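Engineer: Sequence:
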Amino acid sequence: EMSNLILEEIALSFVKFIKVDHVRMCETFRVIVDPKQGYFKINDTDDYNQAPFGDVRLADDEHILWANSLKEQDEIDAVIYDAQFRKACWSRAVINSIQEKHFNIQFKHAGAIFDRWVEKAGLDLAQFGSRSQDYEWRFGLKQDDLVDALDAQNIWYKSTILDRREVQDQGRDIIEVLVGYRVYEENGQRFDPEGKRYNGWGSRYDEWLSIAHPRICLLYTSPSPRDRQKSRMPSSA
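Residues 1 to 237 (this note's numbering) are what the sequence shown spells out, left to right.
Since the hints were derived computationally from the structure, they do not count as laboratory data.
Note that the structure is predicted; figures quoted are calculated from it, not measured.
A couple of the hints might just be wrong.
Stated by the list, open to error - Derived pair list, reagent style PhoX-like, types lysine-lysine, alpha-carbon separation capped at 25 Å: (1) K158 to K142; (2) K120 to K101; (3) K158 to K196; (4) K142 to K196; (5) K71 to K101; (6) K71 to K142.
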């Protein structure tokens, strides 16, 4: 009971410093303050540390027992990571291959660029469907849907899904959506080639992104809502 009170005080003291867009920080903090979880230990020599939790191992018997029961082609939840923008989110994945302490995984409807190795005992994998609660929403994205999206300058914007397509990448089916960093509104300050009013960026900044991409999230849930208010319009949209 005393240890729980101490953990509660720690949580209340430090929670204001937690960055909600930093998946590794949030997951680490969650486990540290959860008395049901085990302790961490740092890996010294692994070459697989390519993603948010690659250098942290969770000594939890239940988790390790579950991980050791997995086999190739099993489905899991895992953290998909964009190294360029340092953004991550939970998604759904399939185990490609297995080594003694690691899985090689590929993410559903995402390109091979996101494939990676994860620790069996790491924080960045979980039982299928347990952490990827927004996956069905992502799978259902369609034209005219509004989302929060991260632009090439690393700023979140209220954005519009303009199109959807299926493409092939190394033999796998990828679902992508065309993201426009703008919203069509009656009081829009700009006009597109069809004369529709909008606020935001012009079409030359549109991007095709996988539906699993961490640069897309539910409307008004982006990590930095204030960024959506910034006006960063190019001189010519």
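Engineer: Confirm or reject each hint.
Structural biologist: These are the hints, each one checked on the structure:
1. K158 to K142: holds (15 Å)
2. K120 to K101: Measuring from Cα to Cα gives roughly 6 Å; hence the hint holds.
3. K158 to K196: holds (17 Å)
4. K142 to K196: Holds, because 19 Å separates the two Cα atoms, which is no more than 25 Å.
5. K71 to K101: Distance ~13 Å between K71 and K101 Cα, so the pair holds.
6. K71 to K142: Not OK: K71 and K142 at ~34 Å, beyond 25 Å, violated.
Going down the numbered hints, you'll see the structure goes against just number 6.
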